[in-house]
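Protein chains in written order, with the numbering used here: chain A, 14 to 126; chain B, 181 to 296.
To be clear, the hints were calculated from the coordinates, so they are not data collected in a lab. Worth double-checking, as some hints may not be accurate.
To be verified - No farther apart than 30 Å at their CA atoms in a straight line, the calculated lysine-lysine pairs in the DSSO-like style are these:
id	chain 1	residue 1	chain 2	residue 2
1	A	55	B	189
2	A	125	A	70
3	A	55	B	194
Stated by the list, open to error - Not everything, but these chain A residues come out facing chain B in the computed CB check (under 8 Å):
id	residue
4	29
5	83
6	84
7	102
8	116
Cβ atoms here follow ideal geometry from the backbone N, Cα and C, with glycine treated the same way.
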Amino acid sequence: GENVEQHPSTLSVQEGDSAVIKCTYSDSASNYFPWYKQELGKRPQLIIDIRSNVGEKKDQRIAVTLNKTAKHFSLHITETQPEDSAVYFCAASTSPAGNKLTFGGGTRVLVKP
Amino acid sequence: NAGVTQTPKFQVLKTGQSMTLQCAQDMNHEYMSWYRQDPGMGLRLIHYSVGAGITDQGEVPNGYNVSRSTTEDFPLRLLSAAPSQTSVYFCASRSPAGRSFNYGYTFGSGTRLTVV
Numbered sequence: 014g015e016n017v018e019q020h021p022s023t024l025s026v027q028e029g030d031s032a033v034i035k036c037t038y039s040d041s042a043s044n045y046f047p048w049y050k051q052e053l054g055k056r057p058q059l060i061i062d063i064r065s066n067v068g069e070k071k072d073q074r075i076a077v078t079l080n081k082t083a084k085h086f087s088l089h090i091t092e093t094q095p096e097d098s099a100v101y102f103c104a105a106s107t108s109p110a111g112n113k114l115t116f117g118g119g120t121r122v123l124v125k126p
Numbered sequence: 181n182a183g184v185t186q187t188p189k190f191q192v193l194k195t196g197q198s199m200t201l202q203c204a205q206d207m208n209h210e211y212m213s214w215y216r217q218d219p220g221m222g223l224r225l226i227h228y229s230v231g232a233g234i235t236d237q238g239e240v241p242n243g244y245n246v247s248r249s250t251t252e253d254f255p256l257r258l259l260s261a262a263p264s265q266t267s268v269y270f271c272a273s274r275s276p277a278g279r280s281f282n283y284g285y286t287f288g289s290g291t292r293l294t295v296v
């Protein structure tokens, strides 16, 4: 089955700096790659996603890039703010409908004021 | 519009007991899933459903049963609780691709289960 590895496991950045989280996946048939943000004690929430026919997608300060050849995708957060502090999860799906997600282990991001 | 509702929020079970975690959504989503979240391991798929009457196993299905008799409800049953099932359980739902441009799952608030 699919295996998703996520790095780093923790990331500390200064407010205003950029944060980058990288994920690799094993199944070349994976076609949908969402990113979820989970604040302490709360539910995961989708922040951005990308499908395999797109190389990059941006939403304000957040962007995701996908390299299908290398089987990795990354989350980029620019101009980080204290409210960006959370655990971020990447995921990949091989099912055509994108309904079966395999998650990475998560990255705990701390933005220091 | 409540989204995805999970009950209970907290539960303590003794080893060997059974129970059902409830999940209901009011968004007319056809796809529903159950995940468990353990520290440092992300979320792992237990069971999922693509519509009423249709369920399938995820990556960690042992010890759990599901059924989907209606579009709205997707209960998760623990048959005989074990300490290894201590975890936070999340239910999630979404529309099928093609009916919506939003492919993302909406998660419930979770059930924190402790088995002693």
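Okay, the hints, checked on the actual structure:
Note on residue 55 of chain A and residue 189 of chain B: the hinted pairing holds, with a Cα-Cα distance of about 12 Å set against a maximum of 30 Å. Using a Cα cut-off of 30 Å, the hinted pair residue 125 of chain A and residue 70 of chain A holds, with the two alpha carbons roughly 26 Å apart. With a CA separation close to 26 Å, the supplied pair residue 55 of chain A and residue 194 of chain B stays within the 30 Å bound. The criterion of a C-beta within 8 Å of any C-beta in chain B is not met by residue 29 of chain A, whose closest approach is roughly 28 Å, and the hint is violated.
The interface hint given for residue 83 of chain A is broken, as the beta carbon of that residue sits about 21 Å from the closest beta carbon of chain B, more than 8 Å. For residue 84 of chain A, the interface hint is violated, since its Cβ never comes within 8 Å of a Cβ in chain B; the closest pair sits about 18 Å apart. Interface restraint check for residue 102 of chain A: the shortest CB-CB distance to chain B comes to about 6 Å, inside 8 Å, so the restraint holds. A least Cβ separation of about 4 Å between residue 116 of chain A and chain B falls short of the 8 Å threshold, and the interface hint therefore holds.
Hints 4, 5, 6, counting from the list given before, are not met by this structure.
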